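*Asks:* Chains A and B, in that order, give the protein sequences.
All letters in the first sequence, in the order written, are residues 1 to 150 by our numbering.
All letters in the second sequence, in the order written, are residues 1 to 122 by our numbering.
Calculated from the structure, these hints are not laboratory results.
Some clues are possibly wrong.
Said to hold, decoys possible - Derived coverage of chain B by chain A (criterion: at least 3 residues anywhere in the stretch with Cβ under 8 Å from a Cβ of chain A; other residues may be distant):
| id | segment |
| --- | --- |
| 1 | 17-25 |
| 2 | 28-42 |
| 3 | 90-99 |
To be verified - Capping the alpha-carbon separation at 25 Å, the derived lysine-lysine pairs in DSS-like fashion look like this:
| id | chain 1 | residue 1 | chain 2 | residue 2 |
| --- | --- | --- | --- | --- |
| 4 | B | K94 | A | K10 |
| 5 | B | K98 | B | K45 |
| 6 | A | K10 | B | K98 |
| 7 | B | K45 | A | K10 |
Since this is a predicted model, take the numbers as computed values, not measurements.
Where is the CB? At the ideal position from N, CA and C, for every residue including glycine.
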Amino acid sequence: MLRRWAERTKIIALLTVAVLSQATGNVLLSQGMKRIAGESGSSLVGWASALFQAVQTPSILLGTGFLIVFFVIFATALSRADLSFVLPAISSEVIVNVAFADHFLNETVSSSRWVGSILISIGVVLVLQSAPRTFVAEDEQENIADEAGP
Amino acid sequence: MKTALMIAILVCANSAGDVLLARGMREVGTVPFFSPRELYRATCKTLRNGRFLASIFFMTVYFAGFLSLLSWADLSFVFPAMTLAYVVSTLAAKFILKETISLHRWAGTLFVCLGVALVSRP
Chain A
1 MLRRWAERTK IIALLTVAVL SQATGNVLLS QGMKRIAGES GSSLVGWASA LFQAVQTPSI
61 LLGTGFLIVF FVIFATALSR ADLSFVLPAI SSEVIVNVAF ADHFLNETVS SSRWVGSILI
121 SIGVVLVLQS APRTFVAEDE QENIADEAGP
Chain B
1 MKTALMIAIL VCANSAGDVL LARGMREVGT VPFFSPRELY RATCKTLRNG RFLASIFFMT
61 VYFAGFLSLL SWADLSFVFP AMTLAYVVST LAAKFILKET ISLHRWAGTL FVCLGVALVS
121 RP
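Using the sequences plus the hints, can you model the full thing?
*Replies:* What follows is the structure in structure tokens.
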């Protein structure tokens, strides 16, 4: 019982870090790309120059780093919990993005976006009430088979 | 018609990527948090896992297709339509990954779909 609670806490902590990494990565990418889009045109040369500028823009590089961290944590979470648990839980990133857009990017957030964020919160709370894991991992299956003997 | 077909392809690619990643990570086994040696072993095992690599391929297809779709369709239409991927991934988790989807989890997933669709409205 205690072990299951500890594993659940670990998974939720992992998903919280993943959500914050993804939201931070998206805000940094958005800031960097908006700056580049303002400086380059829509021609092929403009695109090439935008790509060149992108790899030299610290906020884009940092944003990409945060998204890589997100992917690593997402994959780690999937080794420990169900896809049908992780996927809706990760979607709380949308709420953090809305809050970040309102706070850091000074974007106008409409009331329908806030209502959507509330619906996502309800959804995430409902999903978090279910057991995070309903599968047996392959290494555990091997252990069970070893313990059962020939 | 072209947009609907593209959305169907993207939803399938997104869900295929998620399912393959989940299956691949289960084959790798539980990734440890605090043991550097075990973490290194799990990383090597992950990078050699065929399903993990296939998931990267499908996610790349999804990302490229998504960018291409945005060149002719509105984001305010594309993003809500892409929430279908949550439902398809949950169905795939039930029937392919053999996960038990409780009523709470189904209800939560549907709330999330509705919420994301609302958030992505202009």
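*Asks:* Is it true that the CA of K10(A) sits at most 25 Å from the CA of K98(B)?
*Replies:* holds, 23 Å
*Asks:* With a cut-off of 25 Å on the C-alpha distance, tell me whether K45(B) and K10(A) pass.
*Replies:* With a Cα-Cα distance of about 22 Å, the restraint between K45(B) and K10(A) holds, given a limit of 25 Å.
*Asks:* Decide if the proposed pair is consistent with the structure: K98(B) and K45(B), CA atoms, cutoff 25 Å inclusive.
*Replies:* Judged against 25 Å, a Cα distance of about 23 Å means the pair holds.
*Asks:* Has the segment 17-25 of chain B got at least three residues whose CB is nearer than 8 Å to a CB belonging to chain A?
*Replies:* holds (count 5)
*Asks:* Take the C-alpha atoms of K94(B) and K10(A), compute the straight-line distance between them, and say whether it is at most 25 Å.
*Replies:* holds, 24 Å
*Asks:* If you look at each residue in the segment 28-42 of chain B, do at least three have a Cβ nearer than 8 Å to any Cβ of chain A?
*Replies:* n = 6 at 8 Å, threshold three: holds.
*Asks:* Is the coverage entry for the segment 90-99 of chain B by chain A consistent with the three-residue Cβ rule at 8 Å?
*Replies:* holds (count 7)
Of the numbered hints given earlier, the model fails none.
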